[in-house]
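> Sequence:
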Amino acid sequence: MQPCNACLKLVGKPSSVPPHGDLADSGVSAIGPPSHATKISSNWNCTVCGSWLYQNTADGTPPNEWVMGEHQLAWPEKA
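Residues in the sequence shown are numbered consecutively from 1, following my numbering.
No wet-lab data here; the hints were simulated from the structure.
Backbone N, C-alpha and C define an ideal beta-carbon position, used for all residues, glycine too.
Any given hint could be a false lead.
So the derived label-pair ranges between C-beta atoms look like this [as the list claims (entries may be wrong)]:
no., residue 1, residue 2, range
1, Pro33, Ala58, 13 to 21 Å
2, Cys4, Pro34, 29 to 37 Å
3, Gln2, Pro33, 33 to 41 Å
4, Thr47, Pro14, 18 to 26 Å
Quick list of in silico lysine to aspartate or glutamate cross-link-like pairs, EDC-like style, CA-CA up to 16 Å [stated by the list, open to error]:
no., residue 1, residue 2
5, Lys39, Glu65
6, Lys13, Glu65
7, Lys39, Asp59
8, Lys39, Asp22
9, Lys39, Asp25
10, Lys9, Glu65
Generate coordinates for the entire structure from the input sequences, incorporating the hints supplied.
As structure tokens, then:
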């Protein structure tokens with residue numbers, strides 16, 4: 001399955017743009033020790049196309065921008 005148009009439209013937009021209605025909140029990513037962890041993104045999974053999107057913070061790469069991760073169908077099969 002290919003990324004849906006709603007997901008594609010978010011990629012490259014500022015992180016201040018809200019997620020589209022079919023993105024399910026899937027937690028956050030952070031770096032550093034738990035006592036001083038730095039949030040780098042909010043993680044979202046599309047319930048329509050299965051794409052993973054990341055709403056980067058100022059500490060993410062690229063900073064303050066929506067990015068798309070690997071699509072699950074591109075992952076190798078488990079042995």
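> Indicate, hint by hint, whether the structure satisfies it.
So, going through the hints one by one against the coordinates:
Distance hint for proline 33 and alanine 58: a CB-CB separation of about 20 Å, consistent with the stated range 13 to 21 Å. Range check, cysteine 4 to proline 34: Cβ separation about 35 Å, and the 29 to 37 Å hint holds. Distance hint check: the CB atoms of glutamine 2 and proline 33 are about 39 Å apart, consistent with the given range 33 to 41 Å. In this structure, threonine 47 and proline 14 meet the distance hint of 18 to 26 Å, their C-beta atoms being roughly 23 Å apart.
Proximity of lysine 39 to glutamate 65 is assessed by CA-CA distance (about 14 Å); at most 16 Å being required, the pair is judged to hold. Using a Cα cut-off of 16 Å, the hinted pair lysine 13 and glutamate 65 holds, with the two alpha carbons roughly 6 Å apart. For the hint linking lysine 39 to aspartate 59, the alpha-carbon distance of about 7 Å falls within 16 Å, and the restraint holds. The straight-line distance between the Cα atoms of lysine 39 and aspartate 22 is roughly 23 Å, outside the 16 Å bound, and the hint therefore fails.
At most 16 Å may separate the alpha-carbon atoms for a hinted pair to count; lysine 39 and aspartate 25 meet this at roughly 15 Å. Between lysine 9 and glutamate 65 the alpha-carbon distance is near 12 Å, which keeps this suggested pair within the 16 Å criterion.
In summary, the one numbered hint that this structure violates is 8.
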